[in-house]
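Take a look at the letters that make up each chain.
There are 2 protein chains.
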Amino acid sequence: MIPLSRKSPVPPAQCNLAKAVDLIGDRWTLLILRSALYGVRRFDDFQSELGTPRTILSGRLKNLVEQGLLARRTYKSEGRRARPEYVLTDKGEALRPVLIALTQWGDHWLDCDGQPPISFTDMQSRQAVHTAFVTDDGREVPSENLRIVLRR
Amino acid sequence: MIPLSRKSPVPPAQCNLAKAVDLIGDRWTLLILRSALYGVRRFDDFQSELGTPRTILSGRLKNLVEQGLLARRTYKSEGRRARPEYVLTDKGEALRPVLIALTQWGDHWLDCDGQPPISFTDMQSRQAVHTAFVTDDGREVPSENLRIVLRR
DNA sequence: GAGGCTGGATTTGGAAGGCGAACCCATGCA
DNA sequence: TGCATGGGTTCGCCTTCCAAATCCAGCCTC
Chain A
497 MIPLSRKSPV PPAQCNLAKA VDLIGDRWTL LILRSALYGV RRFDDFQSEL
547 GTPRTILSGR LKNLVEQGLL ARRTYKSEGR RARPEYVLTD KGEALRPVLI
597 ALTQWGDHWL DCDGQPPISF TDMQSRQAVH TAFVTDDGRE VPSENLRIVL
647 RR
Chain B
497 MIPLSRKSPV PPAQCNLAKA VDLIGDRWTL LILRSALYGV RRFDDFQSEL
547 GTPRTILSGR LKNLVEQGLL ARRTYKSEGR RARPEYVLTD KGEALRPVLI
597 ALTQWGDHWL DCDGQPPISF TDMQSRQAVH TAFVTDDGRE VPSENLRIVL
647 RR
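Protein chains in written order, with this note's numbering: chain A, 497 to 648; chain B, 497 to 648.
No wet-lab data here; the hints were simulated from the structure.
Being a predicted model, the structure only gives us computed values, none of them experimental.
There's no promise every hint is true.
One copy or two, either will do: identical chains are not told apart, so a pair holds if it fits within one copy or between any two.
To be verified - No more than 35 Å apart at the CA atoms, straight line, and that leaves these computed lysine-lysine pairs for DSBU-like: (1) K572 / K558; (2) K572 / K587; (3) K515 / K587; (4) K558 / K515; (5) K503 / K587; (6) K515 / K503; (7) K503 / K572.
When you get a sec, could you build the whole thing from the sequences and use the hints?
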């Protein structure tokens, strides 16, 4: 149980979580990022997979490019016109832990079937992998043992 | 670089990330969960910290209660009326890794100041903590070594 | 060259939700 | 009784979402 506080240690306007939420905290953006994380790049592929209205998709892709999470590149297949594709940048790809953590939260709390539709393993050891808190020397820390530190 | 794919390995409708996004993937809900994570519980505290219009706040709190992420309880101070408070449930609190991962993403990519406003340490060793992928035997796995496994 | 297809982008009008202001009602105290 | 507090609701305006329609450019075929 989290102790009562009348307000957060840092006001939302100064919190990087709140800034991130302003950037990606809408449903379509999150779904687009998810598809991008699994390799989807083309406008019509995003569109057919997600069912996003085209105005929305166009606008969100544009915003994600402006904010540096996606890069817009042109590619061209033989005999076809040049088309854009949208590829995650390092900045965008760095959201992978967030999206996977959210996937695993959903696995646990939203879906009571035995095995989740998508899970993640270590490529080398084949062991299942979960998101966790880790110290710099590699030790896992339970969530309840976390302590908040404020900037001086 | 993520290899091109025309569609995700699992369609969004069957993906627990997409289900989670339907539940919490809006700006106000995420900000409310953030404040709740830091201990805010009362309607007027959420309201004054976040500046949420009261209709929105009331509706979102109600939805989060219905979905089991917050519990609505009544408390009463001496000489005051009974008031509701909204406390994270286990289900809600289990979103902590997601929100902290997003905070740390924001620290790195949205804020160029040296030290983030909020950081996290291990209560015992005082060491800084970050979100990571970990195998069941406790070894950290770099993001690039993750492999996707689909349900049979 | 014309026509058709593909594929991103834009326009349009209605629906839905956000938002600020006002209002409501219940509780407790002076 | 009147006032303050505090959660909730209503209302009208504004913004965004959404589906449908339209536009435009590149490429191929006839």
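Open item on the list: Are any of the numbered hints broken by this structure? If so, which, sorted upward?
Closed with: none
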